[in-house]
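Participant: Protein chains in written order, with this note's numbering: chain A, -2 to 254; chain B, 74 to 412; chain C, 132 to 409.
No lab work stands behind these hints, which were simulated from the structure alone.
We put the CB at the ideal spot given by N, CA and C, even for glycine.
A few of these clues could be false.
[To be verified] The list that follows gives simulated cross-link-like pairs (lysine-lysine, DSSO-like), each with its CA atoms no further than 27 Å apart: (1) B/K344 x B/K373; (2) C/K317 x A/K90; (3) C/K317 x A/K2; (4) A/K120 x C/K167; (5) B/K191 x B/K177; (6) B/K181 x B/K337; (7) A/K122 x B/K161; (8) C/K330 x A/K1; (9) C/K399 x A/K91; (10) B/K344 x B/K181; (11) C/K323 x C/K399; (12) C/K323 x A/K2; (13) A/K58 x B/K96; (14) B/K393 x B/K373.
[Unchecked claim] If you want a taste of the chain A side facing chain B, the calculated C-beta under 8 Å gives, among others: (15) Y43; (16) I114; (17) P206; (18) S217.
If you want the building blocks of each chain, they are given just below.
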Amino acid sequence: MNKKKFSMNIFILTLVFLYLPLVVLIVQSFNSGKGVSWDGFSLKWYDELFNHSARLWTSFKYSILIAVTSSIISTAIGTLGAISLQWYSFKHKKYLQVISYLPLVLPDIIMGVSLLILFTSIKFKLGLFSIFLAHTTFNIPFVLFIVLSRLHDFDYSIVEAAYDLGATEKETLTKVVLPNLMPGIISGLLMSITLSLDDFVITFFVAGPGSSTLPLHIYSMIKFGVSPVINALSVILIAGTIALAMSTKKIQKYMVS
Amino acid sequence: MKKSIIFILMLLTLIGCGKKEDKDELYLFNWSDYIPDEVIIDFEDETGIKVIADYYSSNEEMYAKIKAGGDGYDITVPSTDYAEIMMKQGMLEKIDRSKISNLKELNKDIGSKISFDKDHDYVIPYSVGATGIAVNTKYVKDFDRSFDIYNRKDLKGKMTLLDDMREVMSSALTIAGHSPESSDPQDLEDAKEIILKWKENILKFDSESFGKGFSNGEYLVVHGYYENIVAHMTDEQADNMVFFIPEEGAQMYIDSMVILKGSKNIENAHKFINYIYRPEVYVKIIDYLETPSVNIGANKLRETTPVYDIKDLKDAYLMKDLGEALAPQSEVWNEILTQ
Amino acid sequence: MKNQRNGLVYSAPITLWLTLLFVAPTLIVIIYSFLKKGIYGGVEWIFSIDGYNFFKSSYFLKVVWNTVEISVVVTFLTVLIAIPVALYIATSKYKNFLLFLIIIPFWTNFLIRIYSWISLLGNNGLLNNLLIKFGLEPHQFIYNKFAVILVSIYAYLPYAILPLYSAIEKFDFAIIDAARDLGASKMKAYMKTFLPNIKPGIITATLFTFIPALGSYAIPKLVGGNDSQMLGNVIARELTITRDWPKAAAISTILTIITVIFIIVLSKYDKDHKGGKV
Chain A
-2 MNKKKFSMNI
8 FILTLVFLYL
18 PLVVLIVQSF
28 NSGKGVSWDG
38 FSLKWYDELF
48 NHSARLWTSF
58 KYSILIAVTS
68 SIISTAIGTL
78 GAISLQWYSF
88 KHKKYLQVIS
98 YLPLVLPDII
108 MGVSLLILFT
118 SIKFKLGLFS
128 IFLAHTTFNI
138 PFVLFIVLSR
148 LHDFDYSIVE
158 AAYDLGATEK
168 ETLTKVVLPN
178 LMPGIISGLL
188 MSITLSLDDF
198 VITFFVAGPG
208 SSTLPLHIYS
218 MIKFGVSPVI
228 NALSVILIAG
238 TIALAMSTKK
248 IQKYMVS
Chain B
74 MKKSIIFILM
84 LLTLIGCGKK
94 EDKDELYLFN
104 WSDYIPDEVI
114 IDFEDETGIK
124 VIADYYSSNE
134 EMYAKIKAGG
144 DGYDITVPST
154 DYAEIMMKQG
164 MLEKIDRSKI
174 SNLKELNKDI
184 GSKISFDKDH
194 DYVIPYSVGA
204 TGIAVNTKYV
214 KDFDRSFDIY
224 NRKDLKGKMT
234 LLDDMREVMS
244 SALTIAGHSP
254 ESSDPQDLED
264 AKEIILKWKE
274 NILKFDSESF
284 GKGFSNGEYL
294 VVHGYYENIV
304 AHMTDEQADN
314 MVFFIPEEGA
324 QMYIDSMVIL
334 KGSKNIENAH
344 KFINYIYRPE
354 VYVKIIDYLE
364 TPSVNIGANK
374 LRETTPVYDI
384 KDLKDAYLMK
394 DLGEALAPQS
404 EVWNEILTQ
Chain C
132 MKNQRNGLVY
142 SAPITLWLTL
152 LFVAPTLIVI
162 IYSFLKKGIY
172 GGVEWIFSID
182 GYNFFKSSYF
192 LKVVWNTVEI
202 SVVVTFLTVL
212 IAIPVALYIA
222 TSKYKNFLLF
232 LIIIPFWTNF
242 LIRIYSWISL
252 LGNNGLLNNL
262 LIKFGLEPHQ
272 FIYNKFAVIL
282 VSIYAYLPYA
292 ILPLYSAIEK
302 FDFAIIDAAR
312 DLGASKMKAY
322 MKTFLPNIKP
332 GIITATLFTF
342 IPALGSYAIP
352 KLVGGNDSQM
362 LGNVIARELT
372 ITRDWPKAAA
382 ISTILTIITV
392 IFIIVLSKYD
402 KDHKGGKV
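One chain only, chain A, in its complex shape (with noise of 0.2 Å):
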């Protein structure tokens, strides 16, 4: 089959570009020197990683903690939008398909810095919360469009086939619409926890004292040199993401059931 071919080839290109800066950290994280050129193996960094890094995990922590949360709920709160704009009319369904695209629209140093403004003028104190509202603010978008294109081509009947044998609400819902969704969910799951895992500069604006992210303490240390402790938490976050995809199918059975 000529054409799948040629989409595993682009595949294969695909994956050793990404993969390529990725290498070179591997690599870097087994240097025993701190420049480009190799100094001898060492396992130095990971044990300073282990050993002497407590601030480096605490804002690894958060971000992870971030990311998880605000992923999870930006993906249901796009879901149902999604949901509710393909399928039903209401009041206000022209408002709110102009406004769930804006999001992607706004330069983020402008969008940090209006979030800070806006959490100033009510009062509201910044600290790993107003991340967490911030980051499900901008992910929110993103799962809306991918969970709305899977839904252009879903087929209805089976919706309606549903209702006609006395399903629920809620079961049509969750027996019938979300599994057939689960790809387009899945997707604006990753794609949330991506975007919300780097984020830096909005970040930047809305976090509160302490409340330091690791795109944040990394940011901070360029000028003195990213330490190559840095490498070593890379392959640490590499081999576990890579372990977590192993048991891929497990976790697929656990979101649907």
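Got chain A; can you put chains B and C on it based on the hints?
Facilitator: Frame of chain A; chains B and C shown alone:
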């Protein structure tokens, strides 16, 4: 099932940022890597006050955040121009000098340069230094210790200047024989001419990775701060480096500790500042940064020798707030960057 | 018949959330763009349209051009690459695993990955060292438009792959076989059945790439050069260095309006072609 996960996670989030136990705390908003961890830990051990620090890498981002309402910090460390701005805007708490007895260790030569706060009611110097130029002497042998190095065609594509309007414009204006605070269109045109000539030979304007780029050989001549460059280098590489302060157009900086208005831990802030000014504590900072010392007592105890001395800074320009001149200078800078 | 009242229930969370946390800040930005700038940043509550004078600046047009040019090229190439990649994943037995595989690089920190690219593309970097080894001339791969485009494609690929995957996964490939049985060539079968059907996915992927690209500022700052100053850099400089908040807000407002128009046009195109939603 899903609902309960969401609920639990939300709870965790709320807990994570809920009220901390009423500990004795101090919130520090500082330049990254500006204080050795040892100093903070010793302070915590001695006083029982927990120090929570966040970092920034430019005055502008620190100021933008605080101006837009980012409060919660007790101490921050602006450079002189921003210290002046913050003071004028009433963003600072008045310091009770009776609580900072160690202030007597302040080198008056430095202290007197803070013209807008001569009595140190708001601004307490933390560190002093200069912007300089570093040259890789393995590859570059003969050179003038001046900005003229940026006119050299043989070094084209191997040099960087700071991506910092204030730094570059001030230097260029001075070299053109004008005031660094000028807003006169002709003065700015002259400076622009000079900078555009330099720009032909530089690889890029870089304020973040000049240190790293210098140490891995990507750049042979960089414009920047000594601490950032030396942090990346091995001893061997340091032997092949010369860091000089240019004869003309040199810039110096004084970064100072200030207490922000609305600070909830003013007592602790005073304790911290006084602690930093102990000679035996401050010496750790200057041995770490390898810059000249603002603290007389610490200077006698230091183990490192700074590459340049306070005497070398006498011709250097200390940045002041530009006021109305900021807009025209920024406009010219934008033109330079996009040309 | 489905209960229309449920529409309110489903749409309430998103409407409320976005109104509070997004519409409100956007209004702040628009209001600020019509105020007078404070001498030290911030605003003074006096009406002024000075902020909108930004387009009079000589460099502004050049920056806009750079931004649009780079964004269009990046979007085109990114979506072009993303389609076969998403296709491969969606038709594979191990789709979830492959999806994770694509995403994993993006869970390592963005800055770190950029620095890896710098060490690959730099004048003293891996690529140039390889060229020298093979006796070829070293080339300027970085601090220019090329680097910005390359690294942007790298950064935005998942933004395009994910929505495309979501759309493709639903496509019934039996249609292609049916078309071929009816005599269509492979190319025609794909062009006439596959692409039109995944159009919503393509549109979403385009939006997800183009719009963030327009506002990007970290990539041009780190790997860009004199030929690749983008609008995001200008906005950031106006906000932090010049401290002209109204100007930064004005540029952002105009940017927002233009992209909204772009989105409306794009979704109209989608509707006209598809003959309306279900």
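Participant: All hints, please: hold or fail.
Facilitator: So, going through the hints one by one against the coordinates:
no. : hint            : result
1   : B/K344 x B/K373 : 23 Å, holds
2   : C/K317 x A/K90  : 41 Å, violated
3   : C/K317 x A/K2   : 14 Å, holds
4   : A/K120 x C/K167 : 24 Å, holds
5   : B/K191 x B/K177 : 14 Å, holds
6   : B/K181 x B/K337 : 31 Å, violated
7   : A/K122 x B/K161 : 26 Å, holds
8   : C/K330 x A/K1   : 20 Å, holds
9   : C/K399 x A/K91  : 14 Å, holds
10  : B/K344 x B/K181 : 22 Å, holds
11  : C/K323 x C/K399 : 21 Å, holds
12  : C/K323 x A/K2   : 20 Å, holds
13  : A/K58 x B/K96   : 22 Å, holds
14  : B/K393 x B/K373 : 30 Å, violated
15  : Y43             : 20 Å, violated
16  : I114            : 5 Å, holds
17  : P206            : 4 Å, holds
18  : S217            : 4 Å, holds
Comparing the model with each earlier hint shows violations of hints 2, 6, 14 and 15; every other hint is respected.
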